[in-house]
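Got chain V; can you put chain F on it based on the hints?
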Amino acid sequence: MDAEEKVARLVSADAVLVLRCQANDIEAFDEIVTLYKDGIYNYIWRMVSSREDAEDLAQDVFVRAYGAIKTFRRESNLRTWLYRIATNLCVDKYRRRGLEKQLFVPIEQSRKDDDGHSQTLDLPDVSNEPQRIYENAELQMEIQRALMNMPDKLRSALLLFDFEGLSYEEIAETVNCPVGTVKSRIFNARVQLRDMLRPYVDV
Amino acid sequence: MDCKEFSQIMGEYVNRTLDADAAKAADAHTDACSECAARMRELACTSAMIRSLARANTPDGFEAQVRARIADQCAAQQSGFWFTVQERLQSLGRLLWGTPGHRLSVGPALAALMLCVVAAGSLYVFAPNHKTPAPETDWAYINTVKDQHASYAGSNPLGDESAAALRESTSESGETM
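Going down the list, the sequences are from chains V and F. Using numbering that gives the first Met the number 0, the letters of the first sequence map in sequence onto residues 0 to 202. Using numbering that gives the first Met the number 0, the letters of the second sequence map in sequence onto residues 0 to 176.
There could be a bad hint or two in this list.
Calculated pairs, SDA-like style, for lysine to any residue (alpha carbon to alpha carbon, straight line, at most 25 Å) [unchecked claim]:
(1) 92(V) / 59(F)
(2) 152(V) / 52(V)
(3) 3(F) / 179(V)
(4) 182(V) / 4(F)
(5) 69(V) / 71(F)
(6) 36(V) / 69(F)
(7) 92(V) / 171(V)
(8) 182(V) / 40(F)
(9) 182(V) / 196(V)
(10) 23(F) / 190(V)
Just so you know, the hints here were simulated from the structure itself, not pulled from any lab data.
This is chain F alone, in the form it adopts within the complex:
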């Protein structure tokens, strides 16, 4: 094993996770190469440092606190929907009549609301009428249709009195045919 090969497996060598054959080859290399041996020892020191860090037991009452928090969480989940509704109502209440600093002044709020209503009403009343105007009656077209219909009056192809009725109604209303 040369230095380049050793550097590729040095991490695992330090971690002691090499298989037996590779570890034996690495041992032989570090015996022969003082530079690689020194690098390996430096990295191995870091492992010893971390392993030497003090450990502590969890503080007293740890399990009891975990249990209490779990119980709180379960209670909150069970109240669920009604809890949310209650919260919202309380927020609204605080907003209108609630604690100083969080209360929205009712007077200005109502004044602003009234102003909005008046402005909207004014716009509705005074704004120009944007309705689409009804198209003008096309009497020329109507008369053409009437003429066509009346032309069948003689032959009465429909076998009814519609042409005669039409003629009469037109003459009564004074429109030209």
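Bound conformation, chain V alone:
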């Protein structure tokens, strides 16, 4: 089964679940939560960089979805709808708290010790294992920090594409912009990420 067929089957299964929810079948909503909770939770976790906040916000996503499922249009895609709610909640949270500029110090600054000397991360020698380089926990923190230093529009596009595996069209529906804009956001996010993590990118 190719990816498109898989998505088509998922969408059709979702449509049935939505119809059941609209007929007040609470168990259908439980199925939706079970299906999407991990994806939504992980996406939010990477968007806000806090697992506690991610748990609260992921719950908010489903509570809001339940409140609005009666008005959900059948031609819409449940998956993108849930990610749209999640994205909006993440962005609102940042606007309220003004976190973006406060919590996340630039990477270069964060890697200086008390005397102001640059620290080098103790990375394993992975010259023969390019995929394993990113399994290092400390590097994962650097990647997360770099994500938090980019604008939320770029971060969400990149995470939805690479981390959640949404297609261009699904991302466009999620963030409500043209497909061309999605492509350019992903590209710009890659460029920013490469520039911020250049020491680890030269493989």
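Just chain F now, kept in the frame of chain V:
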């Protein structure tokens, strides 16, 4: 494909969303151009980085908490109007007699209210009368009209006694005609 053309499709090449022909052309270009190949590899690294980020399961009890919050929300919606009324009354109660720090002192509030009443009453009593004065009676005009009316008395065009009655009433009141 030259470097300029490659840079235009590099994003999709890295995302692996090019069609087969375009991907083949891009492959050929990166085989021939080490600079473009290096740029492409750098961007491809970012994809591997994001894909490598750890994933976690939702914490235990996640679904139960979602259910509980939905139940709370439904209960709040059902109480609706009466809930709002109760809240308002409680707020008012707290304002007047409620918890320390949130209580408005009743004495000063009543004193302020009395002061307002007295001030408004004083203004009403002592303020100059701004009513529009009644226009003065224009007796000259009235007499002219009476004269015109009386002039018909002889011919009595209306066939009634109004002119005579008018004449009599005027002479009784002492007004000049």
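Results of checking the hints against the structure:
{"no.": "1", "hint": "92(V) / 59(F)", "result": "holds, 24 Å"}
{"no.": "2", "hint": "152(V) / 52(V)", "result": "holds, 19 Å"}
{"no.": "3", "hint": "3(F) / 179(V)", "result": "holds, 19 Å"}
{"no.": "4", "hint": "182(V) / 4(F)", "result": "holds, 16 Å"}
{"no.": "5", "hint": "69(V) / 71(F)", "result": "holds, 18 Å"}
{"no.": "6", "hint": "36(V) / 69(F)", "result": "holds, 15 Å"}
{"no.": "7", "hint": "92(V) / 171(V)", "result": "holds, 21 Å"}
{"no.": "8", "hint": "182(V) / 40(F)", "result": "holds, 18 Å"}
{"no.": "9", "hint": "182(V) / 196(V)", "result": "holds, 21 Å"}
{"no.": "10", "hint": "23(F) / 190(V)", "result": "holds, 23 Å"}
Of the numbered hints listed earlier, not one is contradicted by the structure.
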